[in-house]
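Q: Each chain is listed here by its residues.
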Amino acid sequence: MGQGVHVTDLPGVGKRYDIDLEREDERVSVVIRSSGVRDLYVFTSHSADPTAVLELTEEQARKVGAVLSATFFEA
Amino acid sequence: MPEADLLGLGAAVLIAGLLARLARRYGLPSVPCYMLVGIALGPGTPGPVLIGHPAELAVIAALGLVLLLFHLGVEFPVDEVLGGGRRLVVAASCYIGLNMTAGLLFGFALGWGASSALVVAGALGISSSAIVTKLLIELHRLTNAETPVILGIIVLEDLFLAFYLALLSPVLSAGDTTGEIVRDIALSFGMLAALLLVARFGARAVGRLLDTREDEVLAVVTIGLVVLVAGTAQEAGVSDAIGALLTGLVVARTRLRERVERLVTPLRDVFAAVFFVAFGLSIDTGHLGAVVVPVALAVAVTVVANLSAGIITARLFGFNQRGAANIGLTVLGRGEFSLILATLALSAGLDARIGPFVALYVLVLAVLSPLLAAHSRHLARVMPDWLLRRDWTYVREETISTSCTHLDQVRVTETDAEECPECVASGSDWVALRLCTSCGFVGCCDDSPHRHASEHAARTRHPIIQSAQPGEDWKWCFVDETLVRAPLGTKR
Chain A
1 MGQGVHVTDL PGVGKRYDID LEREDERVSV VIRSSGVRDL YVFTSHSADP TAVLELTEEQ
61 ARKVGAVLSA TFFEA
Chain B
1 MPEADLLGLG AAVLIAGLLA RLARRYGLPS VPCYMLVGIA LGPGTPGPVL IGHPAELAVI
61 AALGLVLLLF HLGVEFPVDE VLGGGRRLVV AASCYIGLNM TAGLLFGFAL GWGASSALVV
121 AGALGISSSA IVTKLLIELH RLTNAETPVI LGIIVLEDLF LAFYLALLSP VLSAGDTTGE
181 IVRDIALSFG MLAALLLVAR FGARAVGRLL DTREDEVLAV VTIGLVVLVA GTAQEAGVSD
241 AIGALLTGLV VARTRLRERV ERLVTPLRDV FAAVFFVAFG LSIDTGHLGA VVVPVALAVA
301 VTVVANLSAG IITARLFGFN QRGAANIGLT VLGRGEFSLI LATLALSAGL DARIGPFVAL
361 YVLVLAVLSP LLAAHSRHLA RVMPDWLLRR DWTYVREETI STSCTHLDQV RVTETDAEEC
421 PECVASGSDW VALRLCTSCG FVGCCDDSPH RHASEHAART RHPIIQSAQP GEDWKWCFVD
481 ETLVRAPLGT KR
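Chains as they are written, first to last, in my numbering: chain A, 1 to 75; chain B, 1 to 492.
Take the hints with a grain of salt, since some may be wrong.
[Stated by the list, open to error] Cross-link-like lysine-lysine pairs, in silico, DSS-like; alpha carbons within 27 Å at most:
1. K134/B with K63/A
2. K15/A with K63/A
3. K134/B with K15/A
These aren't lab readings, by the way, just hints derived from the structure by calculation.
As the structure is a prediction and not an experimental result, all values here were calculated from the model.
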């Protein structure tokens with residue numbers, strides 16, 4: 001349950017990270033495939049069907065991650 | 001040295017690739033496309049013939065088969081599957097058992113002989129890992145509760161394939177007497193055991209033999225080793241496929257695994273495509289008419305067997321109707337393994353109808369499986385509750401993203417408690433409070449020094465706790481180790 005991130009193995013695909021945003025019906029899941037591709041699943045309703053799914057390459061994921069964690073900026 | 005027919009090969013592979021590209025745009029699998037091009041442009045079909053002598057492709061096709069199985073071995077997630085738990089093994093056994101039994105009965109009913117029945121059983125019984133995995137990604141189902149189970153099942157199916165090949169190839173290699181067949185099977189399993197031992201104890205040595213800093217040399221040495229082992233296996237009367245698969249398992253246990261996987265994947269893709277084209281070339285369309293009815297029946301049998309196994313799996317894991325339908329309809333995909341088994345049968349000189357039969361069967365399921373899986377909610381809507389658990393009411397069509405099978409044990413969901421009684425008694429502090437939903441016990445969380453809630457759960461085996469902090473609304477199941485989000489098995 002560490003820090004509200006729950007990890008599940010997806011044999012043959014990679015790992016799934018469920019991130020608890022501590023909100024009633026909003027949450028985010030990330031699947032990191034062993035090929036390096038990341039799938040970003042966004043849920044904004046009570047349904048377990050994702051509202052949006054983005055397939056990101058390693059490079060794209062790094063860009064998004066860097067901006068989200070505020071370690072990357074351009075003047 | 002005779003001149004190679006580069007023109008025909010290039011044209012066939014290019015057309016196969018372009019057709020696959022078109023099919024992928026509509027979410028259809030690529031493997032049947034390659035095969036289709038082989039059928040359409042081969043000598044067995046009226047019209048233009050690109051490759052007149054399929055035998056010329058034999059070496060490249062064999063390389064495709066070897067690389068396909070080697071790659072399967074390399075990426076085999078040994079630890080994840082062995083850590084998957086007993087329920088997964090039971091579910092996969094149900095899956096394999098039901099599908100293989102149905103396939104075997106169907107194979108004998110066809111009346112093409114016992115050896116053919118064994119091939120048909122494998123072709124009908126073992127699903128395509130590649131098709132299933134791609135389907136899950138494309139249908140955006142990677143976060144569904146049933147997805148880890150589906151993936152676990154197909155991986156265990158791959159493992160089963162290794163043993164099935166070890167059994168099948170001696171039977172097919174036309175030993176005349178029972179004694180010869182028994183000797184070949186013993187040899188086959190002996191080789192299996194030997195390579196598994198190498199995988200267990202000799203991986204480090206193999207890794208040292210292959211290891212080099214240069215990708216180029218690593219690729220050449222690895223491919224050489226795989227083909228050598230596959231060839232040795234073939235000479236020994238065991239199939240080349242199983243030699244390749246086991247070499248993959250050995251390499252998977254070295255630290256070269258990721259590099260080898262990355263280097264081999266594009267090679268596999270190209271040579272496997274040639275393998276599927278070559279299989280298509282061997283199909284005579286004149287025979288297709290005779291297998292239409294058997295194929296229709298085989299598809300029906302497979303759908304029923306998969307849905308039954310899907311329901312059993314859903315019962316085991318506590319999924320709802322949508323989960324059951326998703327499992328059954330996704331694992332339906334058939335592809336590379338069915339074609340590999342058909343190739344084995346054809347090279348062993350079994351009934352020639354097996355080729356067209358498996359080709360058409362794979363083609364039908366290739367279109368049917370993505371279509372059915374994408375619309376699984378319609379099936380879920382009409383699936384009665386008693387198929388799963390009698391005393392539960394299900395939200396049938398809803399996708400479930402967490403799997404907890406203990407919600408029927410939730411009895412208490414509210415408390416007035418504002419302190420951890422055990423901490424008060426011992427005079428210590430706590431961080432947050434948790435409520436046991438089975439008995440109403442209140443204890444402190446895992447960030448607190450004494451972790452009374454976890455201790456209570458371990459002692460009483462009460463599965464689910466709920467946060468007792470104001471404004472927090474989550475539950476945690478200790479048994480399934482999962483956050484419980486949406487109610488499963490109860491009406492909202």
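Q: For each hint, tell me whether it holds in the structure or not.
A: Hint check results:
For a cut-off of 27 Å, the pair hint linking K134/B to K63/A stands: about 26 Å separates their Cα positions. Pair hint K15/A plus K63/A holds up; C-alpha atoms about 20 Å apart against a cutoff of 27 Å. For a cut-off of 27 Å, the pair hint linking K134/B to K15/A stands: about 16 Å separates their Cα positions.
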